[in-house]
Every structure is written in structure tokens, then in C-alpha cells.
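So the sequences go chain by chain: A and B.
Letter by letter, the first sequence follows residues 1 to 426 in full-length UniProt numbering.
Letter by letter, the second sequence follows residues 1 to 421 in full-length UniProt numbering.
FYI, nobody ran anything at the bench for these hints, they're computed from the structure.
Honestly, I wouldn't trust all of these hints.
With a Cα cut of at most 30 angstroms, we get these calculated BS3-like pairs of lysine-lysine [what the hints assert, rightly or not]:
1. B/Lys279 x B/Lys212
2. B/Lys21 x B/Lys126
3. B/Lys212 x B/Lys314
4. B/Lys212 x B/Lys126
5. B/Lys314 x B/Lys325
6. B/Lys325 x B/Lys279
7. A/Lys138 x B/Lys325
8. B/Lys325 x A/Lys424
9. A/Lys138 x B/Lys126
Predicted model only: the values in this text are computed from it and were never measured.
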Amino acid sequence: MTPTLVVQREEQRPADEPRTVSAVVTGIGVTAPNGLGTEEWWQATLAGQHGIRPIEGYDTSAYPTRLAGTVTGFDAAALLPGRLLPQTDRSTRLALVATEWALADAGVDPGELPEYGMGVVTSNAGGGFEFTHREIRKLWTEGPEHVSVYESFAWFYAVNSGQISIRHGMRGASGVLVADQAGGLDALGHARRTLRRGNTLVVTGGVESSLDPWGLSAHIAGGRLSSVPDPERAYQPFDIGASGHLPGEGGAILVVEDAAAAQARRVRRCYGEIAGYAATLDPAPGSGRPLGLERAIRLALADAGVAPEEVDAVFADAAGVPALDRAEARALEAVFGPYGVPVSAPKTMTGRLAAGGPALDVAAALLSVRDGMLPPAVHVPSPDPAYRIDLVRGEPRDLRVRTALVVARGHGGFNSAVVVREPKAP
Amino acid sequence: MNRQVAITGIGVVAPGGVGKKAFWDLLVSGRTATRTISFFDPAPFRSQMAAEVDFVPEEHGLTPREIRRLDRAAQFAVVSTRECLEDSGLLFAGVDPTRIGVSVGSAVGGTTALEREYLVLSDGGKEWEVDPRYISPHLYDAFVPSSLASEVGRAAGAEGPAAVVSTGCTSGIDAVGYARDLIAEGSADVMIAGAADTPISPIAVACFDAIKATSPRNDDPAHASRPFDRTRNGFVLGEGAAMFVLEDLEHARARGAHVYGLVAGYATRCNAYHMTGLKPDGREMAEAIRHAIAESGIAPEDVDYVNAHGSGTKQNDRHETAAFKATLGEHAYRVPVSSIKSVIGHSLGAIGSIEIAACALAMQNGMVPPTANLHEPDPECDLDYVPNEARAVDVDTVLTVGSGFGGFQSAMILTREGTDA
């Protein structure tokens, strides 16, 4: 049942004027190239174990990029009901499994919570791409009557939110955001917004996969991929040898709750709070106006009520493209001062997962808070000395993390930032 | 912070004409824009009709580089953005760009360009391992449709929060709802918000053929979209865009802007039932309507016009008729309800915004657009659907709804400024 709405006509005030809520993360589900399941992925991440591999399943010899962060050992048939297999792309299967793990981690049985109080807000940049590649090929080689009855909803960007809501009976305010990589943080920001407007629990994050030949071609078209064939040298953000990045598949799903509601159901664990969020768009190229990343960071800190010196760690966007690395290093230096805060880039172990990447970074930030340990960036042997940032390289760093900043950028000038904070003592 | 949000500019690209005037003239004319598909040979398909926009980009101020760079959906979005900016007077208002955000709805984004690029890469589908030598630099922008938001941002000089909202066929309402939220909470003072979709492509037509969602009445394309009619047999695909300038009401007043109306209430819910199927009771849509009404502070009987989703599928029209009765009670039988999809088809993610434009223009013109092609009433759809002829109605409060794949159900209340809600 939804709360009773009292319409106050005299004051012309909306019945559900947004509340102030503390949005806390109570469950994490991860499907990543370097680990299936949160703990497996996290231990690999702390140990610096990467999941960058040659793309398999077809002949990649003609492609300039042949490496990616690939999820191995994912047995969808063992993890999902058989009826869901013919109607879902690999990206949606990975998302459904991550969701199930996140809900289990949060100790939530959605059947016991109010149906209209639970929402699903995901971000998606590519949709069910391999699925649609197969179907569009059938259309053009065999004819329209061979196109799957599931194509109409297996491809579109809303597929993960829709399938998750159906599987878990979540009928509350939900949504889908697309802003390339940055969308992964926009989803979290909007998830928090739906809590302020009446939801008590939201499943959020992003999980992607688009490494089929057509999907890989689309990534290549973006113009930012590395063509270095060595898995340990291809994606080297902030390094003097930076040559672009690698794509990847997977991501993270988080369960975010209104802290009061989480407490009321006696939640067993709270990883931390989504304390701040902001997004900006870069000005049109050639305008001479400053890029929006620094502003997004400052706005997110202000939203969290956090001063720069209170931030213990930063999870960087780490594009691996020299001009973009430079812009990010400058923004971090402007906000935190030279070498002012430890900076990590665990996505060097997974490749960039589109909307899944920032969601996975938020998971890493929360586990850094939990364990007092910051994971490293790997494969960065020679950081460019021009970037005055304290990049945590090769080995994890023992560090008490109370507050962390996660940064994400996307093609087209999207900048988003999220601040996570340690859970309040009960 | 919870500020009121005003619509101060409207831009439309819709079948039947470019610009909001051509759009409105068509809606109230009794004509329809559905026809046999001309973009490709529709012969192999079950449904061979669509509402196409006759759009010559050069005639609408797009430069040769924009025409090369922008996919059709982005062209529509940019042209309607320029119209809404001019309409609002915002172009010369000296607003801080960092306080202007962007929210663009789209269900399938760059699908037309994607399919075109696919055919080149795969040489007509022959090769699974597509040939990377034929990769176009524009493929990435078609692949990730957030390019729509960055192009609108460029066109508007916006540097605030920006995203594409992609909740399938409710995207056009949800993108405006998202913009409403951002202004209300203070994240932006102005949002360039709306939606664009150009799905008339072989793969989209094949998708809907496969589940028999579109009408096969190929011998009578002008009368194929028949919402609420007993003989309805599916929707007719469309394309288009509508963009708005939304702004904090105080901000609009301070610069003396014309206010079409307020976004007074909005809610979205999921049916958590089926990716494409609807239960006949309209329960979750009713929940969204109830919440949007409560949020706006109006009473159900204050609604002067209901802009229906009215897609013309058997299940949809029954589903939402039930939702209107559940939420408006006896008033459901008195209030005019109509579906402009009868005239301009169903443009997926764009239609929700195009319908919001129709609602704003209905308030402005004191006129409700009709449901075309409604001649044989369906006993299961027994409301006043304004058959075939526009009706003069004083409209102060509008309810508009959308329903889509994935189970999304959205509802929005628009009111005229100064309405004593």
C-alpha cells in the first residue's frame, strides 16, 4: 500500500513534497570480468587481478582492437529460469543475476515489501546488442517472418529495468537513463531522487555487454579504443604510454534504501550512503568555456555537504586517452590540490563497462569504506609526471576511507560525480 | 526546495508538418498523416503503413555538417529545440548556461542510422564478422543515443545536468517528468526537455510485426489507426519530436515569459507483469494517475481533458479506459478523452512529448483534438472519445498518460497558470 496522500488545496502544496532522506546502500551484486559475485570480484580487485582477455567467439583478426574485459564462466542456464533465456540478451542475463545477488546481499524479500514502494532505475548505453545483431541479420538474410517475437523488447534500453521490475514485483517509480558512461552515476542520483519522492527501496546501477562483432565495431567507432595487443599494456590511464582504453562487459547492481525504512526492517548491513550527486554537460566544442568535470565534482561535494579535504579517495574516470586524462587530472588538482587525495582506477582491471563501469566503481568505493583498503590502478608503469595526482598503482593501499568520490564521463560531454560516505553508527 | 515548473516554449516536428502550427492545424483538421511506407519497400512486412514526416533538413536551418553528423532523430530534436527556444524568447535572455539542463526521451534512439550502418558493415547482412574498414565515425553516436542529449545541449548552449530518458513508449512523458524533478529540486532553473524518435525502419517494423502489435489494414492506411473503435487492430508506427523550454515559474515570470501551463503533477509506475502484455484492469496506470493528481493538488473532477495513450491495440484501449474509470469515477464519463495517435501514429519514445505539446496547445486554443477514425464504438470502451471532430472546450487542466513495453505506466497533470488548483 502506498502512504495515504493528503491533498492540501489551500496551500497549493504537492501532497508528496520531496522528503529529506538518507539513501543507503544495503546490497551489492557484481558481474565483472575479474569476478562473478561481489566478494570474488573484490578480492581479485584488491589483488590487482585483471579480466582483460582476447575477445572470443568469432574471428577478431581484422579488428584493430581484439581485447576486452570479458566475463568468463557465466552460466546463465544454471542461474536463471529457462523461460527467460530465449527472451534476453547476455547483458540482461548478467543484470538479472547481479540483481538477484544484490537483493540476497541486502536480505530483501521483495514479496514482503510494499509493491509501489520499490523501484528500478538503471542506466544502459547499448541495450541488448548481440541479441539485436542476430535478429537484424535474420531480417536481412531470411526475411521479416524470422525475426524473434522477443526482439521488440530484448533490444531497447529499458529492458533491464523492465525485466528486473517484473521478476521481483517492483511497481514503484522507476526509470532508465542513458548518458554513455556517466549514466551509471545518473541512475544512482535518480534512484535517490525516487526515494525522496516516496519509494523506500530502489534497485539501481548498470550492467552492459556489447562485444559481438557489430557492438565491437560501434566501440571502435567511438575513436577512443587502444589497439595495443598486450592485455597488460593496452589500457594505461594517466601513463605516458596511454593509448586509449578497452571495452568490457558486466557491471554492478545496488540496492539503495531510505535509511529509516532499512532500519525499520532491521537491515543486517549498510555499506554507506549516497551522500552527493551532480551532473554537468561540457560546452559545445570551440566555445572557449571551461569543461564541466570540475564543476560536477564541486557540485556533488556541495550536495553532500563535504569539503574537498574530507574526501579520502577518488575513483577516476580514467579514460586512457591523453587529452582526457589531462583534463581529469587538472580537475582533480583544481579541487583537491596537487597530489591532494589518493586516486584509484580499478577499471584498468575490467575495461570500461559503459554504464556498468561507474556503478562498479561505486561498489568498489563502498567496499573500500568497509575494508579500509583502496584497490589499485594496474598497468600504469610510468605515470605522466605532468598529472599531479596521487595515483594508487599496482598494490592496494591501507587507508581509512570515510568519504569517497566517484567520477564518470561520457562521449558527448557528460560529466557525473557521486559522493559516498561511511554508514552512520547505529 | 520544491519549485513550480512552467512550460514557456514549444517546438514540434511531427507527421503532417514541421513546427507547432502545422502540427496543431493537422490535429484539428480531421485529416490524418498515416500512409503507406515510402522510406523503403514495405512489401515483405505484415504492417506496411506509417506516419512519416516529410522532412527536408536544409529547409529547417540545419547546416551541411549537422546533416552529416546528426542522425534523423537528432535532426528532429535539434530543429524542435531551436523552435522551442525561439518560442520562449530564451535565446536572448542571458541565462547562465550552467543552470540550463537537458532531458531528451527516446525509446530506440539512433535505430535508423544503426540499421543503415549495419547493412554497410555486414554487406547486407551477409557477414556476421562485420568488416571494420567500413566503420563510420558516426556509428558510436547511433549506438549510444545519449548523443541526442548532447546535440540538444549544443543547440541550446546548455551546460547543466543532461541525460536521455529511455523508458520505451513512456519516454516522452518521463523525460519531461525528469526535467520537472530537476527544476523543482533546484538542480537547474531551465530544462530543454522533450523527446525524439524515428523508428520507421525495417527492423522496427519487423519487431512489431512479430508480435502483431501494428495494424495490418494496409488497404486503407489513412484510416488504419483506430483507437477505441471496435474494429481497431493495432497501432500505426510514427516518428517525430517535441521539445519544450521548462523553467522555474518564478524565473519565467521574472523575465516576462509567456507561460503555456504548469507541469503540476507527474508519476510513473511499473506493472511488473509482462514486457509487452497488459492486464485489462489498468491497475498500475491508475496508480500513476492517482499519484499525479494528488501531487498536483487538483481534484479528479477538475480534469477538463484527458489525452489518452490510445494506441489502438485491443488490450491498450481497454486497459486505460479501466484506469480512467478507476481514478476519475463518474467524471470519466463526462470528460473528453482523445487519442492523437489516430492522426499521427505512435512514435514510440517521442509521442509522450508530442502529446504534451498537443495538451499545451489545447489549453491555449480552448480546443480539444479529436480521435479520428472512430465510427464503431466498442462496448468495452464507453467514454467520450471526441470522435472525428475537434471540440471547443475551455481547458484549464489536462491529464495525459502513456503506457509502454517493459510495463512502464506514466501520468502527468498540466494546468494553466493561475488555475485555482
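- Query: What hint numbers does the structure not satisfy?
  - Reply: 2, 7, 8
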